[in-house]
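Novice: Residue strings, one per chain:
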Amino acid sequence: MNENRNVKIRVRNLTKVFGSQPKKALELREQGLRRADIFEKTGQTLGLSNINFDVHEGELLVIMGLSGSGKSTLIRCLNRLIEPTEGEIVIDGENIPELGDKALLECRRRHFSMVFQNFALFPHRTVQQNAEFGLEIRGVDKAKRAEIARNALKQVGLEGWEDALPNQLSGGMQQRVGLARALANDATVLLMDEAFSALDPLIRGDMQQELLELQSRMQKTTVFITHDLDEALTIGDRIVLLKDGEVVQIGTPEEILTQPADDYVRRFIEGVDKSRILTAESAMRPVRATAREDDGPRTVLRKMKENAIDSIYVTSRERKLLGLVEADAADQASKDGKDSIRDCMIHDFRSVGPEEPMHNLFAMFSEKSFPIAVVDSDRRLLGVVVKGAVLDQLAQAGDN
Amino acid sequence: MAIDIPRIPLGDWIEGGLTWLTSEYSVVTRAISRVTQTGINGLNDAMMWIPPWALLVIIALLCWKAAGLRLGIGAALGLALIWNLGLWDPMIETLTLVVIATLVAVVIALPVGIAAALSERLYKTIMPVLDFMQTMPAFVYLIPAIPFFGIGSVSAIFATVIFSMPPAIRFTTLGIRQVPVELIEAADAYGATSRQKLFKVQLPLSLPTVMAGINQTIMLALSMVVIAAMIGADGLGSEVWRAIQRLRPGDGFEAGIAVVILAMLLDRLTQSLRKTRKS
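Chains as they are written, first to last, in full-length UniProt numbering: chain G, 1 to 400; chain H, 1 to 279.
There could be a bad hint or two in this list.
Computed list of lysine-lysine pairs in PhoX-like fashion (alpha-carbon distance at most 20 Å, straight line) [as the list claims (entries may be wrong)]:
1) K102(G) to K197(H)
2) K142(G) to K200(H)
3) K142(G) to K154(G)
Sample of chain H residues facing chain G (criterion: CB under 10 Å; computed from the structure) [claimed, not checked]:
4) P180
5) E182
6) L183
7) E185
8) A186
9) D188
10) A189
11) Y190
12) G191
13) T193
14) Q196
15) K200
16) V201
17) P204
18) L205
19) L207
I should point out that these hints are in silico values taken from the structure, not numbers from a laboratory. Note that this is a predicted model, so its numbers are computed, not measured. For every residue, glycine included, the Cβ atom is placed at its ideal position computed from N, Cα and C.
Bound conformation, chain H alone (with noise of 0.2 Å):
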């Protein structure tokens, strides 16, 4: 005996939360669009101006000072392989993609990290909304992205910082949550405010564990930024789309072989950082 149970419209409700969403505040999703545009341009263009040798060297340098030789050495030749692929230019534009797209979620971790780490209560509502970014499928956030923004980059940052800004959240959280009870004590006990608390202590003592929720939101972002070529954002992921497009997996490998290089130089770069503020 079947009992009929009308099935829940609940993607009709999502479907109309978001049309309206998207015709209230198209002012506000228009400007945010052509304000994040003009950054991405105004990147992608001074990354774009300096010749690839020299911003070869530069960024060869940069790893050699931060981690040592050897990453040094890797980061240029990995450069010189992508540039001799003639995969430069969608190298930088996926770059400059992820350079704004973490920019964007840190400045948004942060603060909301901090918060969820010194209320309870805060911090109880955010782990299930945090829970739920992160296990959405990826390619789900690309959808209404469209409406708001357009097809393009924008877009692509938009899906992007959503689904790279948990893990800095949660990690800013649980390392200010993992300073020692007795640290609180002591600063508590010579009548430090909580705003001394807060940057004399705490932030001090959770940084490592702050870079690492940053170094785990890059990695994020970059897989997003490939992935949101579907939406039209320009770069390597655009390469892969269009090689799975005209089945051409040689095209596609050394395209995906230039994002895990990328990959790794920002890992290990990172990493490197939050090792040097560590000692």
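Isolated chain G (complex conformation) (with noise of 0.2 Å):
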């Protein structure tokens, strides 16, 4: 679905020297060389190389790389805080490096909100001072800009707290002013550098959530930094993989997961709780017998023996979902002499969509033993997941 949406930034063939030279250390890779061959000749290092990717109009991207994988140099380059050596980043069709001084501030005023792993707060100001910063940095008018600073800190939850100076609040809420200060500048862009990796596993929990819960509503084009796996897989809708100033894999969590790119992607991605981004989808098997409502109860009962299963679902021609018939509740029916098991079938079994998280499935299973059965928006029968499979399926992923 990500495919249909327009791109906002496309970075192409991004790169960044650090050091005097940057020339030089272009030649080398020209010929092939790395980035740890390049600093040894040259003293020249190749923070970002050939970098392309896109951000899609309202998606939360994650960049997600160890440190020294360039992705804190990646996010400043969009924006400008380091000047990048050659490449395009194209936002609204303006290409940003080519940007003079004027242009440049104009660009960032409009297009980039941006919130900071240590909040980057200002200590002289208050909570409601930092979060009208960038509207006054604007010239937005003193009444306008409070409103909307005010409706901003009241959308992360800090009521209240507008006259209190930064340093008198907790880390979690100090965050939360950063993010005010983004979300009232109403840029088209929200950038976020690690911007939960300073806070307790606890409260970074709590914002992630709610990162996603405000992502619902509003829809930002958002581009996150991580060196977090867990947390990039929990809130991205892409994930952009960085080892050492290149892209190694782009792909949904999903996708990383279960297609990692390389040994480097799948030695990353051990040791992740894979239950919270495997979905149904992915446990899902298709399915080995369905039944029709107008079947007679030896048919359906032939059709369980054949496949050794003791339940079967009943789809409609179409292949919609009609309804469940248990072995035992065909048998009777075949002993009462009914020509059809349109009055055993039952209703209460459970059924997702393909796109339920699989640790949601564990909870199902312990209620009923059926498979689940897995149906796309119009209610048509995909396949199913049997318990077996998602144990196997999380085990398969463990063992990569």
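Taking the hints as your guide, dock the two standalone chains into a single complex.
Specialist: Here you go:
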């Protein structure tokens, strides 16, 4: 579904060399040398090399990598807090690296809000004044910016704290101010640089959930930097995986987990709590047999026997899910001389969409032992998930 | 085998330069001299016009308001002692010189300090100059001051400004450079111009450090103003100077204690201003 969205930021061949002789470093790169060799030969650090990716309108794109992977450099190249050495960063038709000083200021004001790892709140300004900062810079008049900032603070749950100073707040609250400052600014893109990394795990989880909730309400184009794969998988619509200044893989959390591009990614995803990421679709298997509602009990019993199952889903001609028949009930219907299974169908079973996270499925299995039906939005039966398959899938993912 | 290296006539060169400066720019120096003298006289007359007891009460109240009851009482007692010793007028003269010298020094130091903080090149040029200004024995400034501005208070102010300015510049530069990088980044990220960055982020955050610099400048100014009695500056310094010439240690110490009281008052007062600004 992402493919249909408009591209908000297009990054092409983005390269950043730290040092005074970038040309030398680039020449060596053309000869196929890697980052470490280039540094040894020239003293130049190839911070980012040939980065290509798109940020789609309204998506939450996570750029993830370990320290030294270039993720902080990358996000700072987007709004040119760090000058890229070469490459294109196009936002709404403007190529950011080519902008003059004035146009760059305009571009930053219109397009980018930023949230920082260590909050970067102004200690001499109150919470309210911090939230107003972006608007103040843009010259929005006092009354208006005060109102917008108050709303933003309300959105992040800081109503009543307007007059406090940042150092009177806890870390989590400080970062909420940081978030409010970004939201109040109403720029088109939200840049979050390790925004939750300095928070303790519990608060961090809360903030992630709140961000997701905010995201579902506002659909703001967001670029989120993190070194934490769990975080990336939890909040990301898509993930760009960086290593040594190069893109290793771009994909949805599930793609990264199920089809790691190389050994590096594979090692990376070891130890991730996969049940939080994998969905019903990945554990689902095709339905071996289904019944029709005008099938006779004996036919249905035979289908079950052939496939060694003790319950069977009943579908319409269009494969729409109608109900479920258990072997006992079919047997009884047969003994009672019924000519169809219509009356012994039950509807007390679980069905889920293909996107349903795997950890939710566990809870369902504990209730009843029927396979879980996976249906699309028109309730057409796509497949079933059996308990063993879920465990299999998890074990398999763990082995890799 | 001694090699006969001719002595470098460094002193002659400097003297030549100074003579040239005095003759070429005498119009300028005389104008400065007149303006400064008017300022000194005005401020001096104004403070002298207020009866000592009234000024004492005003200063004591100010200290109380700014730094608490203890400093208020201390100020009242200290000033009363100065008055009692018959050193009120010289104390006012000294205070006038300190206030004017500090004002001039700060007015020059703030922009220079800011500029040095923002430009690496200026920083590298200006730091050795500041070292020079601070380590050169203070008396030396008195000598060229005389041909420039004649004997008296204006020369004293000139020498005092040069001697007391460096900490204000240094601390301003330091204060601005100490603003955390991430705050600068935040300001940049939201599209602040250099001007907005300076006035909304860098200056407010460096204010406590700048105030510490100004405090230092005031202290240096006070010490220099006392020394400047040697070139005819009025005030407590000239009382000390007179005591030395007449070999009267008692008088000398009395004037010296008055200087100490004034110094403590100025120091505590400016420090408390700094603290209230900070919180």
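Novice: Give a verdict on every hint.
Specialist: Here's how the hints hold up against the structure:
no.	hint	in the structure
1	K102(G) to K197(H)	15 Å, holds
2	K142(G) to K200(H)	15 Å, holds
3	K142(G) to K154(G)	18 Å, holds
4	P180	8 Å, holds
5	E182	4 Å, holds
6	L183	6 Å, holds
7	E185	6 Å, holds
8	A186	4 Å, holds
9	D188	6 Å, holds
10	A189	4 Å, holds
11	Y190	4 Å, holds
12	G191	4 Å, holds
13	T193	6 Å, holds
14	Q196	6 Å, holds
15	K200	7 Å, holds
16	V201	6 Å, holds
17	P204	5 Å, holds
18	L205	6 Å, holds
19	L207	8 Å, holds
Every hint from the earlier list agrees with this structure, and none is contradicted.
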